[in-house]
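Engineer: Protein sequences appear in the order of chains A and B. Per my numbering, the very first residue in the first sequence carries number 1; after that it's consecutive. Per my numbering, the very first residue in the second sequence carries number 1; after that it's consecutive.
Just so you know, the hints here were simulated from the structure itself, not pulled from any lab data. Idealized CB from N, CA, C, for every residue including glycine. Be aware that one or more of the hints could be misleading.
[What the hints assert, rightly or not] Label pairs and their in silico Cβ distance ranges: (1) B/V53 to A/A187: 34 to 42 angstroms; (2) A/M99 to B/M3: 52 to 60 angstroms; (3) A/V424 to B/R10: 22 to 30 angstroms; (4) A/Q442 to B/R58: 37 to 45 angstroms.
[Unchecked claim] Take a look, some chain B residues computed to stay more than 10 angstroms from chain A by CB distance: (5) E7; (6) E31; (7) V44; (8) L45; (9) R58; (10) I61; (11) A75; (12) K76.
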Amino acid sequence: MTFTSVEFPLFLSLLLLLQHAVRRSALETYLLLLGSYLFCVSGSLTGTLLVFTTSLVDYTVGRRIHAAEDPGLRKRWLLASLACNLGILAFFKYANFLMGAVGSMAGTMGMPMSVPHVDFGLPPGISYFTFTGVSYVVDVYYGRLDPSRRFAEYAAHVAYFPKFLAGPIARAGDVLPQLTAHVRASARDFEVGLAYFLLGAVKKLAIADQVAPHVGLIFSDPGQFDALTLLQGAIGYSVQIYCDFSGYSDMAIGCARMMGVRLPQNFAMPYSATSIAEFWRRWHITLSNWFRDYVFLPLEIATRAARFPSLRVSANLLLTMALCGLWHGAAWTFVLWGALHGAALACNRAWTARTARRRRTGQRAGSSLGTLASRLLTLGVVVGGWIIFRAESWAMAEVYLLRLVRFSTDGMRMLSPQIVVATVVLIAAHLLVDKDRNWVEQLAEGGVPARAAAYGTLGLVLCAFGASEIVPFLYSGF
Amino acid sequence: MAMVSEELKRVILETLKLDEWDLTDGTLASEVPGWDSLSHVTVVLAVEQQFGVRFASREVIGLRNIGDLQRLVDAKLGGARRA
Numbered sequence: 001m002t003f004t005s006v007e008f009p010l011f012l013s014l015l016l017l018l019q020h021a022v023r024r025s026a027l028e029t030y031l032l033l034l035g036s037y038l039f040c041v042s043g044s045l046t047g048t049l050l051v052f053t054t055s056l057v058d059y060t061v062g063r064r065i066h067a068a069e070d071p072g073l074r075k076r077w078l079l080a081s082l083a084c085n086l087g088i089l090a091f092f093k094y095a096n097f098l099m100g101a102v103g104s105m106a107g108t109m110g111m112p113m114s115v116p117h118v119d120f121g122l123p124p125g126i127s128y129f130t131f132t133g134v135s136y137v138v139d140v141y142y143g144r145l146d147p148s149r150r151f152a153e154y155a156a157h158v159a160y161f162p163k164f165l166a167g168p169i170a171r172a173g174d175v176l177p178q179l180t181a182h183v184r185a186s187a188r189d190f191e192v193g194l195a196y197f198l199l200g201a202v203k204k205l206a207i208a209d210q211v212a213p214h215v216g217l218i219f220s221d222p223g224q225f226d227a228l229t230l231l232q233g234a235i236g237y238s239v240q241i242y243c244d245f246s247g248y249s250d251m252a253i254g255c256a257r258m259m260g261v262r263l264p265q266n267f268a269m270p271y272s273a274t275s276i277a278e279f280w281r282r283w284h285i286t287l288s289n290w291f292r293d294y295v296f297l298p299l300e301i302a303t304r305a306a307r308f309p310s311l312r313v314s315a316n317l318l319l320t321m322a323l324c325g326l327w328h329g330a331a332w333t334f335v336l337w338g339a340l341h342g343a344a345l346a347c348n349r350a351w352t353a354r355t356a357r358r359r360r361t362g363q364r365a366g367s368s369l370g371t372l373a374s375r376l377l378t379l380g381v382v383v384g385g386w387i388i389f390r391a392e393s394w395a396m397a398e399v400y401l402l403r404l405v406r407f408s409t410d411g412m413r414m415l416s417p418q419i420v421v422a423t424v425v426l427i428a429a430h431l432l433v434d435k436d437r438n439w440v441e442q443l444a445e446g447g448v449p450a451r452a453a454a455y456g457t458l459g460l461v462l463c464a465f466g467a468s469e470i471v472p473f474l475y476s477g478f
Numbered sequence: 001m002a003m004v005s006e007e008l009k010r011v012i013l014e015t016l017k018l019d020e021w022d023l024t025d026g027t028l029a030s031e032v033p034g035w036d037s038l039s040h041v042t043v044v045l046a047v048e049q050q051f052g053v054r055f056a057s058r059e060v061i062g063l064r065n066i067g068d069l070q071r072l073v074d075a076k077l078g079g080a081r082r083a
């Protein structure tokens, strides 16, 4: 079951009604736990057993770390939890990738070996619930968070169904206090939640799923299309992945909000960023914050005595982003995509360090032409990166990029009205909406006619343009 | 509550290439221009070098504001080198 399944509205309605019936009692936690585990079971039984196992391990480790006074013992507990979470992730997600890498390495060293291919199936939500567990235990270890007192509450946080499949990667410090306090949804919360859900459904069904078949066709064999079509495919995928994933996040935030729980924002108009650093402050915010806090900063701290500080930061950025790429999938194209963003972030850092003093003291105000150039350059890196990210192999990515750069005129030309219209809509939205405003929240404070018009328009768009063929959420496969 | 020493203010401002900024006990890194995740450890390193101290990873990760940084420096110095 996912947010776009036909049975999901029934599941959510039933859960909301039952939550209302048992409100302000200890049963509410168990109801949430039961509902979330039913949601997990509908995806995979193996996945559900893994969620339960990691929740039990991390809850126990959190209590032990808090109780232990010996630093060595605390560290051993931390390492045990990291080994459990990351071991499960490595086994189910990266086993074939790692064995393939070992096989290739042995082959290049003149020792060819046959590598078995095993298919365990990727348990739904594995990349998210393992990261949720890691952040919880690390936060307890560093004293940033008190351990959860009740297993049911912690388990409900980890398996919490709105964020289970594809985030946002909400941390225990944000979610647990809300679950333990049995927060109530006000009428406004319910309305805002519904608005988020509706907006997410429009992004997913009326935009992402409409362009998906055309993007898939172009990426399936880039060698047979001309450069203009390939450019259309790259832009189309940029539109698709944004609307698919931010749509999912909106629906997740909406579901939780209908129950009175506020999940962290995951997207904030990322394509309006004027630098790659700003892009990562606006794209998949909870994941970039996770890598910043649990990978980049510890790396920075551990290597701070390195002789060349600029080189240290650049190397740590490159490594962090390559790992971030690998998190998306067990393929070298993802690693390369991450490394490209890491290199872009390092270049951006070098550039901003050069101009920092002048900018901070107000001696050099950015011109609108400069802002436009920065935005276009950022978009160029992001869209180019999506080609590597989406390509089925590096060979396909190479063909795609070379034909695009050489502006090849041979090959088929295809014009996709869906991609063109979706791109125009997205550009208009990014130009018209202030990138730092949250219009869903603000709309709920407006008058009834404005709200009715906005929600009615979204409903009409969904009915008129919602795709009949629903594509699985892209990020639920990562 | 710790008063932020002039020496600590100076090393932070110099590292971030800022001419002036009001740094108080409760100031968060995110409120200071240029103090982001990319420059965070550079600031911490500059403070370590200025005061001749070494912080543990756990202490650096636990910092929440300038006051915490001042208290950490004070604890390392035993309160001997306050400006």
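Engineer: Evaluate each hint against the coordinates.
Structural biologist: Going down the list of hints, with the structure as the test:
1. The supplied range of 34 to 42 angstroms is broken by B/V53 and A/A187, whose beta-carbon atoms lie about 54 angstroms from each other.
2. Take A/M99 and B/M3: their Cβ atoms lie about 59 angstroms apart, and the range 52 to 60 angstroms holds.
3. Taking 22 to 30 angstroms as the suggested C-beta distance range, the pair A/V424 and B/R10 does not conform, at roughly 52 angstroms.
4. Range check, A/Q442 to B/R58: about 41 angstroms between beta-carbon atoms, so the 37 to 45 angstroms window is met.
5. Residue-level check passed: B/E7 sits 20 angstroms from the nearest beta carbon of chain A, beyond 10 angstroms.
6. Non-interface status of B/E31 relative to chain A is upheld: no Cβ of that chain comes within 10 angstroms, the nearest being about 13 angstroms off.
7. Not every beta carbon of chain A lies more than 10 angstroms from that of B/V44, the smallest distance being close to 7 angstroms; the non-interface claim is violated.
8. The claim that B/L45 lies off the interface is violated: its Cβ sits roughly 5 angstroms from the closest Cβ of chain A, which falls inside the 10 angstroms cut-off.
9. Against chain A, the non-interface label of B/R58 is violated: not every CB pair exceeds 10 angstroms, the least being about 6 angstroms.
10. At the 10 angstroms boundary, the C-beta of B/I61 falls inside the reach of chain A, the nearest C-beta of that chain being 5 angstroms off.
11. No beta-carbon of chain A comes within 10 angstroms of the beta-carbon of B/A75; the shortest separation is about 15 angstroms.
12. In this structure B/K76 is separated from chain A by more than 10 angstroms, as the shortest Cβ-Cβ distance comes to about 16 angstroms.
Consistency note: the structure conflicts with the earlier hints numbered 1, 3, 7, 8, 9, 10.
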